[in-house]
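Dock chain H against chain Y, hints included.
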Amino acid sequence: MYTLPNKLKLFAVIFMVVGAIGIISGFLTAPGTTAEVKEMMADHHGEDHNGHNALKEAHNDSEEAAVGTHGENAHDSEEAHLEHTLHQMQNRPWSALYIACFFFFMIALGCLAFYAIQWAAQAGWSPVLFRVMEAITAYLVPGGIIMFVLIALSGLHINHLFVWADPEVVAHDKLIQGKAGWLNSTGLLIRAAIFLGGWMLYRHFAVKFSRKSDDATDNRWFKKSFKISAAFLVFFIYTESMMSWDWIMSFDPHWFSTLFGWYVFAGMMVCAVTVIAMVTILLKSQGYLEFVNDSHIHDLAKYMFAFSIFWTYLWFSQFMLIWYANIPEEVTYFVTRIEDFKLPFFGMVAMNFVFPVLLLMNSDYKRVNWFVILTGIVILAGHYIDVYLMITPGTVGASWFIGVPELGAMSFFFGLFVFVVFMALTKAPLLIKNNPFMKESKHFHY
Amino acid sequence: MASKVIHAIYNDDDILLHAVKQVRNEHYHIEEVYTPFPVHGLEKAMGLADTRIAITSFLYGLVGLSVAIVMMNYIMIEDWPQDIGGKPSFSYIENMPAFVPIMFEMTVFFAAHLMVITFYMRSKLWPFKKAENPDVRTTDDHFLMAVDAGHHDVEKLSKFLYDTGALEISLIENEEDH
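Those protein sequences? They're chains Y and H, same order as listed.
Position 323, counted from 1, in the first sequence is what our numbering calls 323; the numbers after and before it change by one each time, with no gaps.
Just add 1000 to the spot in the second sequence (first one is 1) and you have our numbering.
If you are wondering where the hints come from, they were derived from the structure by calculation, not from laboratory data.
Straight-line Cα separation of at most 25 Å, DSS-like style, residue types lysine-lysine; simulated pairs: (1) K1130(H) to K1004(H); (2) K208(Y) to K442(Y); (3) K1021(H) to K442(Y); (4) K284(Y) to K433(Y); (5) K1044(H) to K439(Y); (6) K208(Y) to K427(Y); (7) K433(Y) to K224(Y); (8) K433(Y) to K227(Y); (9) K439(Y) to K284(Y); (10) K9(Y) to K284(Y); (11) K1044(H) to K442(Y); (12) K1044(H) to K302(Y); (13) K223(Y) to K212(Y); (14) K342(Y) to K1087(H); (15) K224(Y) to K208(Y).
One chain only, chain Y, in its complex shape (with noise of 0.2 Å):
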């Protein structure tokens, strides 16, 4: 039995009590009315319009005449420009919160089904880190929780996250009109609980079976735990595309892409080995977890390898062909993430791809556990910033800044998923018992 150091649990308090400080921050700092982003404006700016009047005396007469005439709409229009930006940075905050949220979400949620495809397929290497992904799934519950709510928040427009829920957007917007159909609160929130509530019900049922069948003389909860993973896998693997569209892709509502559903669950299923990886080796490195062996650290290492490729196929597949077709309507996706979020964008897939790809590429690196760990560190970050990269363009927009409320955010949820994570992991003995590939398991050699 694994019992939870007063450190760690200190530890995760400290990260919450930091991070919703931060949280609060965020929300306090905001501002309120446009004279102050006037303020702030002015007070960040004053370096950049020096910046842009060297650049215009460079440019060519007809490119000066360009910017010129784009200046003057500008002032036409400050107002609403001010407005504009104001509700950028009074949404900056809930993106903020709205993404780490679903970021510790989502690696709960790839767990659960690495997870239920181990039992799926009659894995016969895992069976000794099924009680590691049954903890980190543990983080489903209180996670889908204020996800929920978050969505809720959003989706009935007390915040301006889902532009798609403002009635006064709609009215002036024939495209959404036409999406009005799935793209409307009441449809969010009942698909958002049938999602949830199917995901945490295979969860009960999973880990319960899973405590049962250790008590248990015969295969009868092993049978039953392999029927309910089968069914979960097919309800998850539509309920993840639609969730996907809904919670993620609904941020830029004229915008569409066909394997968005797949793109995020890659994306998740890299985090969840990774932080599956990073669980084993924190818990061998305490001396916990004894059966398990360098050939398991190396499997996990190679998914997290596999993955991360299979993430950028997927990346290049999207951007590729909108790129090449270059239809308007689909380019702009990427134009506004190249423009005005270009380190970030092209960073990302550096972290995502590049790192893993050379780090991981060795079979000998697979088994060093601080090399696991170090690659695992970067990839997570780079996901953290694919997620932001998701949500931020279509909420904050040019106004995007990782400050006080994004770290405070991931902070605070990062806190609670440890704190969660490792307080599940003392429910149970850290070894299942009666699983029928438990000695294939143990003496796992790839």
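This is chain H only, laid out in the frame that chain Y set:
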């Protein structure tokens, strides 16, 4: 100089694997083991060095990647500049996404083909080459371990091999040195 080799035949991979460990423990030199299928863990038991083909594969992949980059730059940008996707920038870097599938394919193509060729050359395999296996049964259901008899006592070595589970033991004397 004549070299003496003892061929010991086994009919089970587990017994063979165990025998290989015992033979190495006694510091006899195993020249080669012939098996009808890959035996898991055999190369470790025989103490063979890890393959370096993965390193060559990586290097060949880099070669393929470079070839793809140079090739596409020459074909699509320099020799006959193309308007790619309605974006006539005529710059390699701006058209790079269109070339990524080619870069990927060439990387895989070079890595795979050159790796196979390297493997053939390193294993001294070529078309019409006469098979080297000393006993055709090793292509069916028997395992053969060739142990260097050298200056050892042949009687003692045979007895020892017999105890490790060998079914047949034969002494082969090669006239030519190889």
